[in-house]
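Chains as they are written, first to last, in this note's numbering: chain A, 1 to 120; chain B, 1 to 635.
These are computed hints drawn from the structure, not numbers from a lab.
List time: in silico DSS-like cross-link candidates among lysine-lysine, alpha-carbon distance up to 30 Å:
{"hint": "1", "chain 1": "A", "residue 1": "K71", "chain 2": "B", "residue 2": "K173"}
{"hint": "2", "chain 1": "B", "residue 1": "K304", "chain 2": "B", "residue 2": "K602"}
{"hint": "3", "chain 1": "B", "residue 1": "K430", "chain 2": "B", "residue 2": "K489"}
{"hint": "4", "chain 1": "B", "residue 1": "K392", "chain 2": "B", "residue 2": "K424"}
{"hint": "5", "chain 1": "B", "residue 1": "K152", "chain 2": "B", "residue 2": "K173"}
{"hint": "6", "chain 1": "A", "residue 1": "K71", "chain 2": "A", "residue 2": "K42"}
{"hint": "7", "chain 1": "B", "residue 1": "K489", "chain 2": "B", "residue 2": "K424"}
{"hint": "8", "chain 1": "A", "residue 1": "K42", "chain 2": "B", "residue 2": "K173"}
{"hint": "9", "chain 1": "B", "residue 1": "K173", "chain 2": "A", "residue 2": "K47"}
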Amino acid sequence: MSHSVLVCDDAIFMRTMISDILAQAGFEIVGEAETGVQAVEKYGQLKPDLVTMDIVMPDMGGIDAVREIIKTDPGAKILMCSAMGQQALVVEAIQAGAKDFVVKPFQPSRVLEAVQRVLG
Amino acid sequence: MDLAQYAELFRSETREHLSVFNQLLLDWERTPDNNEPVDGIFRAVHTVKGMAATMGYAKVADLAHRAENLLDVVRKGHATVSADILELLFRTADALEELVEASVAGQDAGMDLTGLLDRLDEATVREAPPEQRDRPRRRISFVNAPVAVGRKVEVTIRADSALKGARALIVLKRMDALGAVHGIEPAPAAIESETFDGRFAFRVETMVDAQEIEAAVRAAGDVERVTIDDDQGAAGAAATPGPGTAAAAPEPREAAGRTRHIRVDLQRLDTLMNLIGELVTARGRLAALSASSEDAALADVAVKVSQLTQALQAEIIQARMTPVWQVFDRFPRLVRDLSRQLGKQVGFRVEGKEIELDRAVLDEIGDPLVHLLRNAVDHGIEPPGERTAAGKPAEGRVVLSALRERATVAIRVEDDGRGIDREKILLEAKQRGVIDPEVDVLTDDLLVRVLSRAGFSTAREVSDVSGRGVGVDVVATRMRALGGSVEVKSEPGSGTSFTLRLPVTLAIVRALLVRVGDERYALPLTHVAETVELKPDAVTRVEGREALMLRDEVLPLVDLRELLGTSAPAPTRRPVIVLQLGDRRAGLVVDAMTGQQEIVVKSFDPPRGTLPIFSGATILGDGAPVLILDAGGLV
Numbered sequence: 001m002s003h004s005v006l007v008c009d010d011a012i013f014m015r016t017m018i019s020d021i022l023a024q025a026g027f028e029i030v031g032e033a034e035t036g037v038q039a040v041e042k043y044g045q046l047k048p049d050l051v052t053m054d055i056v057m058p059d060m061g062g063i064d065a066v067r068e069i070i071k072t073d074p075g076a077k078i079l080m081c082s083a084m085g086q087q088a089l090v091v092e093a094i095q096a097g098a099k100d101f102v103v104k105p106f107q108p109s110r111v112l113e114a115v116q117r118v119l120g
Numbered sequence: 001m002d003l004a005q006y007a008e009l010f011r012s013e014t015r016e017h018l019s020v021f022n023q024l025l026l027d028w029e030r031t032p033d034n035n036e037p038v039d040g041i042f043r044a045v046h047t048v049k050g051m052a053a054t055m056g057y058a059k060v061a062d063l064a065h066r067a068e069n070l071l072d073v074v075r076k077g078h079a080t081v082s083a084d085i086l087e088l089l090f091r092t093a094d095a096l097e098e099l100v101e102a103s104v105a106g107q108d109a110g111m112d113l114t115g116l117l118d119r120l121d122e123a124t125v126r127e128a129p130p131e132q133r134d135r136p137r138r139r140i141s142f143v144n145a146p147v148a149v150g151r152k153v154e155v156t157i158r159a160d161s162a163l164k165g166a167r168a169l170i171v172l173k174r175m176d177a178l179g180a181v182h183g184i185e186p187a188p189a190a191i192e193s194e195t196f197d198g199r200f201a202f203r204v205e206t207m208v209d210a211q212e213i214e215a216a217v218r219a220a221g222d223v224e225r226v227t228i229d230d231d232q233g234a235a236g237a238a239a240t241p242g243p244g245t246a247a248a249a250p251e252p253r254e255a256a257g258r259t260r261h262i263r264v265d266l267q268r269l270d271t272l273m274n275l276i277g278e279l280v281t282a283r284g285r286l287a288a289l290s291a292s293s294e295d296a297a298l299a300d301v302a303v304k305v306s307q308l309t310q311a312l313q314a315e316i317i318q319a320r321m322t323p324v325w326q327v328f329d330r331f332p333r334l335v336r337d338l339s340r341q342l343g344k345q346v347g348f349r350v351e352g353k354e355i356e357l358d359r360a361v362l363d364e365i366g367d368p369l370v371h372l373l374r375n376a377v378d379h380g381i382e383p384p385g386e387r388t389a390a391g392k393p394a395e396g397r398v399v400l401s402a403l404r405e406r407a408t409v410a411i412r413v414e415d416d417g418r419g420i421d422r423e424k425i426l427l428e429a430k431q432r433g434v435i436d437p438e439v440d441v442l443t444d445d446l447l448v449r450v451l452s453r454a455g456f457s458t459a460r461e462v463s464d465v466s467g468r469g470v471g472v473d474v475v476a477t478r479m480r481a482l483g484g485s486v487e488v489k490s491e492p493g494s495g496t497s498f499t500l501r502l503p504v505t506l507a508i509v510r511a512l513l514v515r516v517g518d519e520r521y522a523l524p525l526t527h528v529a530e531t532v533e534l535k536p537d538a539v540t541r542v543e544g545r546e547a548l549m550l551r552d553e554v555l556p557l558v559d560l561r562e563l564l565g566t567s568a569p570a571p572t573r574r575p576v577i578v579l580q581l582g583d584r585r586a587g588l589v590v591d592a593m594t595g596q597q598e599i600v601v602k603s604f605d606p607p608r609g610t611l612p613i614f615s616g617a618t619i620l621g622d623g624a625p626v627l628i629l630d631a632g633g634l635v
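Could you build the full structure based on these sequences and the hints that come with them?
Shown next, in the form of structure tokens:
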């Protein structure tokens, strides 16, 4: 069975790209979220195997969303999506319980490596 | 991976973010002591940066990055934002817009932004608070114990890895799962710094062997090299760079049911619409054929095809509906820039942003609205001094609103300025001979007619804002082409409003088919209020023109026979179609009404000298081409 993924990013562009990369590699995108609040809600509903989480989102950022998700499911597998120069934020996200991160601009091979590490 | 397929998505989404950027800047400018909008602006710019970097648009990413730097210090400064900074951000929004378009078109190479980039950098330095700008960092929770115990592990992160400090943290977290971690070198703060080179070491107290430690370190990803010393007597293992951690991706499988929204190229929708237009015509012919045949099966199929076509048509029209904010959202910025340029104070409000129009209609109304808004700010709203002298608030008011009225949408531009000087326009109109010299009062109706004459303008001086004579006439021409109309209301001293009335969709309209002599014409039902029979005793003359007494109302009458110069004898009983455009009503006399039909509107280029009463042409179900009558030109 393929792994289910929840893609969280406020930009459709980014969601589309991440979804395309993962879908082409055989993952099943079960949901998308545009805000941290949506991410937390959808995580609860969908219980995906993996979450990709943007850091900067309106209505609760990615880091707070990680905290909320980890609170309800300490085993949640969350992959942060970050831009260059956000080291402090990524560190904070990892402290909060995110398992790994990828840095924009995304290279499909890098994204898939990170996903494998998180799921592995 | 082919990025080109994402270019259009990138462009449209970036536009939305830049629109938010502009909106929030305007909010911020209104209340500069409230720094709330800065977070939203920061997010918009940040998102654009990430997307642009992914697309490989380095210039866009760079500009966004520098703007982000400035926004970052401004939002930490807690001070009231200065007008200079706002202006700089407005310029940045403009530059980003331009640069995005150029980048998508592959024409960004020639764009030089050095000046703007320098200004952003200077401002960033200037705005930075005197104390350290470093954001307070959260500590890595691993404690450096004074005594070094456990196995010493040295790790080198791959040179091309981004955010090496964060990667190191993942290594440390993986180690923490194996046992207690101590003696991290360099200190966590240094690992987190931007200059961290990716080499670090630590001790881990664990029962697992070197191989497992190495595997765990490598599982963190992007690890170049791992060296494990054996302080506890076990064999140290120097690991060489191993194969990458990339595991084979799972079997490709069809991604099922993932998309709920997709973006579709507008041209696709247009093509689809045209095809459905053809289908509607074919359906009409099929219906005509089945009506003249005795074949019951044919009649069944004709009915079924008709229902399906109707459903298909409704769906595609719905898919083309676009909320007006997509055009309206750029106007607050336009009004702001204009009022500054003209030294006026203008409060601008937009209402009914969510009202939807066919994309094709929406695309056509941007320019007319720009004309009307410019007129409102330039000619309508008075300078602040003049307003206070007249007992009005110094700040003028301009409202742009959209309202759905059955099959039409009314879009109104309203100002509380000085109003149109009717005396002057009447004089000018008489001088030019565009109005009956006996008219002594310019009603709203006449006013809009005069203003709609090509080149008519009474603007005292040419400004580069409103230009000369290009305004209402351009708007009126465009509205007519769209099957819409223009109305004006103006009160001296208290303001002017222009209302554009537009059909919700252009492509397919329901029309009344009428006959005059041997010719048939289509009249869109959009502006048809009712039909009555022409009774000779109900016709009277008002101001030298024929008029119809309808209940307690007097309607001007327009006889299509006379307009078209039809010579064939008229039938004895003739119908009157009552047309309504906003408040204006008139009766149109034809020879006969022959039915109703959905028609596909095709625009046409009328030859010179064509009466201005046609808005397009169509092909009827029986294959005959007919002209479409324009209610706006008739009333």
